[in-house]
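One-letter residues, chain by chain:
2 protein chains.
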Amino acid sequence: MTLKKVNPDLQKERATCTFNVEELTNILDTGVEYTTERRALEDLVFSVKELKDDIPEEFMSHKQKYENAIRKAVLLHKVLNSGNSIENFYERKDKSGFRRTIGSAIFKDGSPFMLHSAMFIPTLLGQADEEQKKVWYTRAKNMEIIGTYAQTELGHGTFIRGLETEATYDEQTEEFILHSPTLTSYKWWPGGLGQTSNYCIVMAQLKIKGKSYGMQPFIVQIRDEENHMPMPGVKVGEIGAKLGFNTVNNGYLGFDNVRIPRRNMLMKNSQVLKDGTFKSAPNSKLAYGTMVMVRVTIVNTTAGCLSRAVTIAMRYSAVRHQSQLKANEPEPQILDYVTQQHKLFIGIATSYAYTFSSYWLWDLYSKYIQEMGDGNYERLPELHALACVMKVISSSDCTALIEKCRLSCGGHGFMLSSNLPQIYGLSTATCTYEGENTVLLLQTARSLVKAWNDASKGGKLRPTMAYLADPSPAAEWDTSLDGIIKAFQKVSVGKLSSSVSSLTQYAASGMSPEEAWNKASVQLIAAAEAFGRAVVLSVFKSEVEKYVETASQGVRSVLFDLVELYFTHMVLDKMGDLLLYTKLTGKDVHLLQRKYEDLLEKIRPNAIGLVDAFDYRDEVLNSALGAYDGMAYERLMAEAAKSPLNAEPVNGTYHKYLKPLMKGKL
Amino acid sequence: MTLKKVNPDLQKERATCTFNVEELTNILDTGVEYTTERRALEDLVFSVKELKDDIPEEFMSHKQKYENAIRKAVLLHKVLNSGNSIENFYERKDKSGFRRTIGSAIFKDGSPFMLHSAMFIPTLLGQADEEQKKVWYTRAKNMEIIGTYAQTELGHGTFIRGLETEATYDEQTEEFILHSPTLTSYKWWPGGLGQTSNYCIVMAQLKIKGKSYGMQPFIVQIRDEENHMPMPGVKVGEIGAKLGFNTVNNGYLGFDNVRIPRRNMLMKNSQVLKDGTFKSAPNSKLAYGTMVMVRVTIVNTTAGCLSRAVTIAMRYSAVRHQSQLKANEPEPQILDYVTQQHKLFIGIATSYAYTFSSYWLWDLYSKYIQEMGDGNYERLPELHALACVMKVISSSDCTALIEKCRLSCGGHGFMLSSNLPQIYGLSTATCTYEGENTVLLLQTARSLVKAWNDASKGGKLRPTMAYLADPSPAAEWDTSLDGIIKAFQKVSVGKLSSSVSSLTQYAASGMSPEEAWNKASVQLIAAAEAFGRAVVLSVFKSEVEKYVETASQGVRSVLFDLVELYFTHMVLDKMGDLLLYTKLTGKDVHLLQRKYEDLLEKIRPNAIGLVDAFDYRDEVLNSALGAYDGMAYERLMAEAAKSPLNAEPVNGTYHKYLKPLMKGKL
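Residue numbers (numbering that gives the first Met the number 0), protein chains in the order written: chain A, 0 to 665; chain B, 0 to 665.
Incorrect hints may have been included.
As the list claims (entries may be wrong) - Cut-off 20 Å, straight-line C-alpha distance, at most; resulting in silico cross-link-like pairs (EDC-like, lysine to aspartate or glutamate):
#: 1; chain 1: B; residue 1: Lys342; chain 2: A; residue 2: Glu435
#: 2; chain 1: A; residue 1: Lys325; chain 2: B; residue 2: Glu514
#: 3; chain 1: B; residue 1: Lys582; chain 2: B; residue 2: Asp572
#: 4; chain 1: B; residue 1: Lys273; chain 2: B; residue 2: Glu170
#: 5; chain 1: A; residue 1: Lys267; chain 2: A; residue 2: Glu173
#: 6; chain 1: A; residue 1: Lys267; chain 2: A; residue 2: Glu129
#: 7; chain 1: B; residue 1: Lys658; chain 2: A; residue 2: Glu143
#: 8; chain 1: A; residue 1: Lys658; chain 2: A; residue 2: Glu600
#: 9; chain 1: B; residue 1: Lys655; chain 2: A; residue 2: Glu514
#: 10; chain 1: A; residue 1: Lys325; chain 2: A; residue 2: Glu600
#: 11; chain 1: A; residue 1: Lys601; chain 2: B; residue 2: Glu66
#: 12; chain 1: A; residue 1: Lys641; chain 2: B; residue 2: Glu225
#: 13; chain 1: B; residue 1: Lys658; chain 2: B; residue 2: Glu647
#: 14; chain 1: B; residue 1: Lys342; chain 2: A; residue 2: Glu514
#: 15; chain 1: A; residue 1: Lys662; chain 2: B; residue 2: Glu224
#: 16; chain 1: A; residue 1: Lys594; chain 2: B; residue 2: Glu514
#: 17; chain 1: A; residue 1: Lys664; chain 2: B; residue 2: Glu514
#: 18; chain 1: B; residue 1: Lys573; chain 2: A; residue 2: Asp587
#: 19; chain 1: B; residue 1: Lys4; chain 2: B; residue 2: Asp617
#: 20; chain 1: A; residue 1: Lys449; chain 2: A; residue 2: Glu381
Don't read these hints as lab results, they were simulated from the structure.
So that you can see chain A by itself, here it is in the shape it has in the complex (with noise of 0.2 Å):
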């Protein structure tokens, strides 16, 4: 469908809108170059018409929408090659690469090949020594074999060690035995896994003459690579439909004494000689760092969801008209109902928060690893926990907005064809996958209370941290910015300190330091959630500072706005706690929900222009409510007439069942 009329409600907004929009696009992409790239790259992709669906992929079946997606899978791997453009760009994981969005635009729910590039590939340049990779990467990256990660099983997720999976070494046939010795011990998860991949890394725990050495990655083949049988022993499936990723192709997988060669261990680390002499890493902590990369762009990826999700709720709020604020005036835009506005700004603010917030903790990241590389392994922990909590806030608090901006869509959020629902289905994955989020926040609330025995004990605290060893009280209450900050610190002790204290009265009534620990759980989780908060807060901020030295006054100015109605938001939706534990009052209270008031009324004219910055083309955003046009009733109307349903005047069912019913022909 091409409309090239575009609603007026939308062309009044991006008339009076104050602050170039093209500006804060190039903030975004952190560079004119990188949007330059980025639209380059979108224009070759789009312009292939086979890649887009005719019937929308929520009419097809489950068969029906791996088979699409496959079909699209394989030959935009073929576009892209023949563009001759950067290898795997889709999948690329540095700051600019983060806004490459034609992997959503094609695949609504996910590629089959997703784990290929996202995982099985940088596992293999982590994990596999030289020769390994001159075997395995090379026919990886030329797509002559297709491969994912399996490591969750049916039986265990978040906790590791407690995987059952086994590779017993055979120094007789110098080959490793695969073997699924439970139900529970079945992988279940791994993309592309059901029907795409002939080649899986598999994690297991090693044993050698009956002595196990922990989970090593294994290298196995799992289908025929002629007919793409399952190979013998191997029994592999999809796992069935899910709220999202149903074009993932996630699959299970049991092994039955499979055998390996030795050398399908990836060895880069450990590694097992050939009379099972097992030798370990020369350092356990280089792992890690792949896994706090993962969550980094867990807060990117959230961030853009909602991103998309505030654009098609703000758009479709720009021309829907509802209900009368004065007798005898038309019906207003709903965006000019406060109500509304108390909905969707907030998702506005945070998207850009937890944008800069990921460019900041990618550049933290890059700038560890960098460390890591020489030696300095000594701001691990505080790189761990820092990633940990900006991944569970995020993702919960994204998720949380999405549903919003979802629902103040009425009734038409609720269909599919506005992408809310799917956008949801994505967003809130993120807070299971990749570490639970609860137990990622019991692992950032053990960081935090080391740091605090270690600051009683006069230990020096890592930047991020510093703040906890301060012992000044609250000060007055500050409604600047600094002042806000400041005091998300003193909520953050106060809960730190008081959950220590619970932990100390419940070791003191006789429990062990585990029961203690549990029966404090909640107010842990509440503490390490505080501290995220206070990152968080003081990070926006700066960076916002960051990328606004060389900006217009316009844009300046709206980024400004919207760092204050979050600091704003913030503190009237976490008034509890700055109650308890700073000097704020009733009275600030008041005056900052009137000022919240006030920033919604000044943001109102800007709204649009803020989410057309992010620069979603409606290939991306694939939503009959939020195209650039503002076309929604009419969008709507040709989605739906591209049910199945409607392309016969009278279902078959009535003649079958219908009829014999209201005939009395029962």
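Given the structure of chain A, go ahead and fit chain B onto it with the hints provided.
Showing chain B alone in chain A's frame:
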């Protein structure tokens, strides 16, 4: 799949439960006779093999889902009639009928006949005159015709006055001309409208001789009774895939000057005479009653969704083992983690709270209906405000807690075979339909502001709002149940007072009353919510007191544990408001936090009993994770085996796409 074995973890939980589960089930059913009746109906329906799906619906295409649902809807109708049981029993909407969940067992995602029995027939009963009833009600009851109810349009929802469909009276031919003047005037959403119904009650703007007479109901034939083809001038189809209700066959409907006889306007209330004279309804408030009733049922519906979700999550948490609380000990049930109890026990307590609240609201509604029958309408505004706010907070609380249940199951909660995503879809829709939540909160706020102004003039307030007139300052903090109810009433007063003073200030600054209302609306919806909280706390306590009057000590004790948990959790959750508007102190908060942790421990042994008491059959839960036997892993694998993708060892796309790719022959 029939598995006789019960997971030993669940056996252990059931053995240590301290109360009589069956007794609690009878209380939830509002009487042992209703438990018996409900189970008999379940036995009848669940014994019909053809009502079960061999291949789960989530693997079907959109069209297949519909066709399968029609097959089952017709069969279910036959089974019920042949069973000679109560008419429309699965839609029975009195208090004891609330727990009839057969519909949701047969249709995971709604029945295409839902609107026929839930809206078409009730509207005929409520709005057709006796002569019309003889024709239409009789035909509808006998399923000679299938109907639906069309009000919402593409461009207008909750704001009914904005609806655009026109019914113009032609006194020459004594007909109404139904017309859709714009795209946005198309009806959009009615269940069963797409391909199923042949009649439809259409709400349209009545016009006679150029004058408007507001919204009136018209019965319109939309499909031919002999061949089901759309009638001339009728444009009808289905609206496409949605987040839920995909088997309900929601449709759109447009008219191109479609003529219907004068007597097709339902005339129990307003009438149009042959010559075009309009006689208005003697009392327009009667129609209000139905709307209130639907909102009452929503409180029960969402509580039901939550109770199913929490049953699933609790049973899974009892059989899932993970990680270690203590070194060298076996992995504990995840239910032993206090963070998991924190996620789930409030879900149990909330489902009990809203279940009992819905019974209370139903009794209130029934009493009011009787009063209205006697010509006494004075309590209608109070009932309206209560139904609005309880619909809002029950739908939003239960939906959020269902999502928490899903997330508490980790990755497996993301599987559709858990049924948790589908329950979420059904529940979240209640936040939007029958009055969008924000709109309803604003309506409640309007009642409250009116009551506030009345009280300031010395007027008498209705029972549930009487506390608004109490000028006494907040007393010292009191942690008893009554103390907490009083505290929440003070919060409600404080927020309302604060909103009213903002309204005054904004008006004083020169805004019109409407502008001031809009600008203060974020505060106003918070005040409305606070009113609802105070009501539900009070009702939960008083209803439990009522229902346990003759109960055993065990049941009484565990129900009061739930009440205590609900109250304590609510205080901690709304701590900020209580710190502002009552004399709650930081010290109280710490004590309550400790009390909360103790309550989780106290409820732990009875937690499985509390969800078993809901007495949901496996057919109703439809969940691999939540079955009574707790064989979660076996069932997950069995459900995966049903995926059509697993029916063949190699998918056809391998030969067509993957092999050429991997062999370099693209």
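Hints, one by one, checked against the model:
1. As the CA atoms of Lys342(B) and Glu435(A) are separated by approximately 14 Å, the hinted pair is consistent with the 20 Å bound.
2. For a cut-off of 20 Å, the pair hint linking Lys325(A) to Glu514(B) stands: about 8 Å separates their Cα positions.
3. Between Lys582(B) and Asp572(B), the direct Cα distance comes to roughly 16 Å. Compliance with the 20 Å bound is thereby established for this hinted pair.
4. Among the hinted pairs, Lys273(B) with Glu170(B) is consistent with the structure: their alpha-carbon atoms are about 7 Å apart, no more than 20 Å.
5. Distance restraint check for Lys267(A) and Glu173(A): the Cα-Cα separation of roughly 18 Å lies within the 20 Å cut-off, and the hinted pair is therefore satisfied.
6. A distance of roughly 8 Å separates the Cα atoms of Lys267(A) and Glu129(A); the hinted pair therefore holds under the 20 Å criterion.
7. Proximity of Lys658(B) to Glu143(A) is assessed by CA-CA distance (about 9 Å); at most 20 Å being required, the pair is judged to hold.
8. The suggested pairing of Lys658(A) with Glu600(A) is violated, with an alpha-carbon distance near 57 Å, which exceeds 20 Å.
9. A hinted pair counts as satisfied when its Cα atoms are at most 20 Å apart, and Lys655(B) with Glu514(A) does not qualify at roughly 58 Å.
10. For the hint linking Lys325(A) to Glu600(A), the alpha-carbon distance of about 18 Å falls within 20 Å, and the restraint holds.
11. Distance restraint check for Lys601(A) and Glu66(B): the Cα-Cα separation of roughly 52 Å exceeds the 20 Å cut-off, and the hinted pair is therefore not satisfied.
12. In summary, the hint linking Lys641(A) to Glu225(B) is not supported, as the alpha carbons are separated by about 27 Å, beyond the 20 Å threshold.
13. Between Lys658(B) and Glu647(B) the alpha-carbon distance is near 17 Å, which keeps this suggested pair within the 20 Å criterion.
14. With a C-alpha separation of about 18 Å, the suggested pair Lys342(B) and Glu514(A) falls inside the 20 Å cut-off, and the hint holds.
15. At most 20 Å may separate the alpha-carbon atoms for a hinted pair to count; Lys662(A) and Glu224(B) meet this at roughly 9 Å.
16. Among the hinted pairs, Lys594(A) with Glu514(B) is consistent with the structure: their alpha-carbon atoms are about 17 Å apart, no more than 20 Å.
17. For the proposed pair Lys664(A) and Glu514(B), the alpha carbon gap of about 61 Å is over 20 Å, so the pair is violated.
18. Taking the CA atoms of Lys573(B) and Asp587(A), the gap is near 18 Å; set against the 20 Å cutoff, the hint holds.
19. Taking the CA atoms of Lys4(B) and Asp617(B), the gap is about 14 Å. The hint holds against a cut of 20 Å.
20. Distance check on the hinted pair: Lys449(A) and Glu381(A) sit about 11 Å apart at the alpha-carbon level, within 20 Å; holds.
Violated hints, in rising order: 8, 9, 11, 12 and 17; the structure is consistent with all others.
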